[in-house]
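Asker: For the record, the sequence lines run as chains A, B and C.
For what it's worth, my numbering labels the leading residue of the first sequence as -17, then goes sequentially.
For what it's worth, my numbering labels the leading residue of the second sequence as 7, then goes sequentially.
For what it's worth, my numbering labels the leading residue of the third sequence as 874, then goes sequentially.
All the given hints hold, so there is nothing to weed out.
The calculated lysine-lysine pairs, modelled on DSS-like cross-linking and capped at a C-alpha distance of 30 angstroms, are:
(1) C:1191 <-> A:41
(2) A:41 <-> B:467
(3) A:30 <-> B:200
Since the hints were made in silico from the structure, they are not lab data.
Owing to the predicted nature of the structure, the values given are computational and were not obtained by experimental measurement.
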Amino acid sequence: MTTKYTEDHEWISVDGDTATVGITAHAAEQLGDVVFVELPDVGKSFSKGDDMAVVESVKAASDVYAPVSGAILEVNEALVDAPEGVNEGPENSGWFVKLKLADPSELDSLMDEEAYKDHAANG
Amino acid sequence: MTETFTGHKALELEVPLLFEEGSYEKAGVDLPTPSGATSRLGDHAAAEPRALPALSEPGAMRHFVRLSQKNYAIDMGIFPLGSCTMKHNPRLNERIARLPGFADLHPLQPDGTTQGALELIAELQRWLCEMTGMPAVAMSPKAGAHGELCGMMAIRAAIVARGEEATRTRVLVPESAHGTNPATAAQCGFSVDKLPSTDDGRVDLAAMKAKLGPDVAAIMVTNPNTCGLFERDVRAMADAVHEAGGYFYCDGANFNAIVGKARPGDLGVDAMHINLHKTFSTPHGGGGPGSGPTVLSEALKPFAPIPAVVSGANGYTVHETEDGAFAQSFGRMTAFHGQMGMFVRALSYMLSHGADGLRKVGEDSVLNANYVRVRLAEEMTQGYPGSCMHEALFSDAFLKESGVGTIDFAKAMIDEGFHPMTMYFPLVVSGAMLIEPTECESKASLDEFCDSLLGLARAAKAGEKERFEQAPLHAPRRRLDETRAARKPILRWTPPGPEAMAAE
Amino acid sequence: MRYLPLTDTDRAEMLNTIGVAHIDELFSDVPADALNPPLDLPDHKGEFEVERHLAALAKKNHAAGDGPFFAGAGAYRHHVPATVDHIIQRSEFLTAYTPYQPEIAQGTLQYLFEFQTQVAELTGMEVANASMYDGSTATAEAALMARRITKRKKVVMAGGLHPHYAEVVRTNEELIGDTVLQAPANPGAGAVMDLIDDETSCVIVQSPDVFGFLRNIEDLSAKAHAHGALLVAVVTEATSFGLLKSPGSQGADIVVAEGQAIGNALNFGGPYLGLFAARQKHIRHMPGRLCGETVDADGKRGFVLTLSTREQHIRRDKATSNICTNSGLCALAFTVHMSLLGGKGLREVAMLSHENAVKAATALEAIAGVEVLNDTFYNEFSVRLPKNASAVVDELAAQGIIAGVPGERLWPGRTETENLLIIAATELTTDSDVDALATAIKGAL
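Please model the complete structure; the sequences and the hints are all you need to start from.
Answerer: Structure (structure tokens):
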């Protein structure tokens, strides 16, 4: 299982041809207390970079983009009633969606943990 | 401190919701007894009255007077919200707006019975056109953002008339703009492209020119801008956008700085809304109603909305149709013909000040802001170097080492008896604090304000973090939990359910 | 100049502190040839001079209270208790800003919460916002909200929708390339049903409609829902909520209304008060401000503006609307008046208004050549005259009677409606007003 990161602060953890996606701990901290999460419908397909979900704090709203192309297999329903889950475990229990990868080669363009750490520190 | 039995603290009185103290049995009004005939209602009548309790007249008076005492207001002290122009609201305006000849007038009465009201609108139009140097003004917009919509709708109609609606789809908006600008552009079907700022807080003219092209419908630029600075390249911007075939929408939110001193019509503007509730003193009323007449250039005049007041041989009439001089109108944007109550107040204010007084308004508003800027610069960090217009912008740089945030600083101002300034806007400055004192503050008031802010800045730098984090301590409420409000929204009162009743 | 506190001595000292010699140095960024333009306007005036000038203009108008008065069509003359006008002139309400600092704005926030509760209850909906500009713009916003929810681009409007409202919807929708269909504006016609299809985003229906007819919202809701569309119910006379079944109980998804009739004067068309209510599940698609309950750091109940991420100052070009105000003080007037009335008092106002309209209709039906068109009505109905109604209205105005709103005023140039006169009554209408109207109309025919 490998985990990759995007410039827009999503993480994607890949296991075979399925992947779990969420926002990074850095993003969750920047956003503050999350008050609302809007998740896509299961079955819907996205291309890399599409708006896929929305995450909101009191003073900010951010789109969550699809890190790679794929179809939604499952969404984290628990976040709908308890959006604070994003702050409590951004990179584990606070995941957003599970995807079926359309083109695994797209993962190559994403950052590894080291590169993302640099990116987050500088931006 | 000992809690009181009532929860009240002397003059600070707790107020239940009116639903918690009202009665379903009696009302606070006396009415003739209805006969009860409902013959012409068919089967549309509700069986029961709505489940809303009433207060007696003295009960209502207490409820709302006690509530009022939990508000800060201009009549109590300085209200230095940047870009909001919280100036004195003369009570003469209120008296005149309540004359039956204006207040008790129906919008669809025959024009022959409303000549004085139509004349007033025409007189206000003359003042607005003269003050802005523009040939026309649309009176129906209900607020500033509605005025923006009016201007952008006129621009879109002009583009449609040229047959370019499929290609001119992009609007350039500075990153420092009010959120209404991009929201309005999007509401008109345009895409929004951000314009960067220069290091001195103005629109980057070179960057703007580079973005212009045959697909640009308009630029939307606030002048003076949201950093409180005059866009000194305004004419060059106007020329460039016109040369590219686009229009210049000017956000007039900050018109107070230049009223009587400079006219948008002399600077190349095609459309600008005027907030009567800012520059022309109509009350903000806790968030509205506003009024946003929108001045238009010769190029956009044919596309102005209906209805409009026109003058003819038989006096004034309300023109309601898209024909004649209005054949190219973009249509109607509201029922009836605008915020008459605000028109009366604004004209009353303009007549009171006159041309000489309005020029003094612009001058004193700029003088006051610069005085505050210079005095506060002793401890606080100016957003951009140099003098400002009617509002002074500071960043949170002076707080960096202290651990005190802009919001904490603002909340500490509440304990000092002030309404805070605009916080975290514009977005181009870190932890922005935007202070607009207006021309209505005396020097003594400004000195008290500045002394207090300098004291707070020193306290923050001296490490008195707790006084800021705890603030406000002396307001009717401490800091409110906005996260809780947003996570599980409770937007209305609901009667206690059977379980809650049983528990009591 | 009485509104400016600075003295010339202050000004000189302040310029000195700033370090400039002349005020115009602070305007140095303004192009020199544009600074201090000559203005062809008079200089300042004292309070009584201004009052004299404007009072003279006011006197030139025939105020609604100057004689028998029967105009409605979206603006209604009801009694406003003296208490209401006193409360809205309290400095702390009148001269406050939007409650961005909730610790020192609980007065405004609590009444907004009370207002939202009253509007939700009156409309029969789960939630309401803190108000819009007026009923017409609220209707256009409802259409845009339905578009966001259904992701469809076709609006269907009933023929009885106030023509100004229909035009405002059209102006807003056509900007973004949507389709807007309206059934013909004829009294009693129900042709809107046939326009609803699977591409319809919302059906907009007004009841009582502009002709005064009470419409069956339930059947329209059912048909709209069967096609996946939303039902937007429009009410232009807010006192009708006191007597009629709520739109919410009849399946409406969004209810918008003109709230002026409660607590607010006629004001020649504004400022008015847009009411906007919806279902809880759609709150994040709503436009406008929302006030919500919470607690403060000491655990005390308090109120804040909430769900702001929908709004322009955060969402910018992705906001649900560009609106950045509400009709705050008009909402306060509404809330104070409603708190005096309660559900019981509002029902009495509505009953009296209905009864007076019935009296007027009965009197006019007795005149040869005058036909009352309504099978049902609340406090407003349409009559067909044997001649152009505008001419009759003008003739009666010369006698000091405002007879109603003629069809030509609402549908200029349309022959089908030029003989129509729309007549409204309220609790303020007296029997002698009705007699005067009937006598004068008889004389004019």
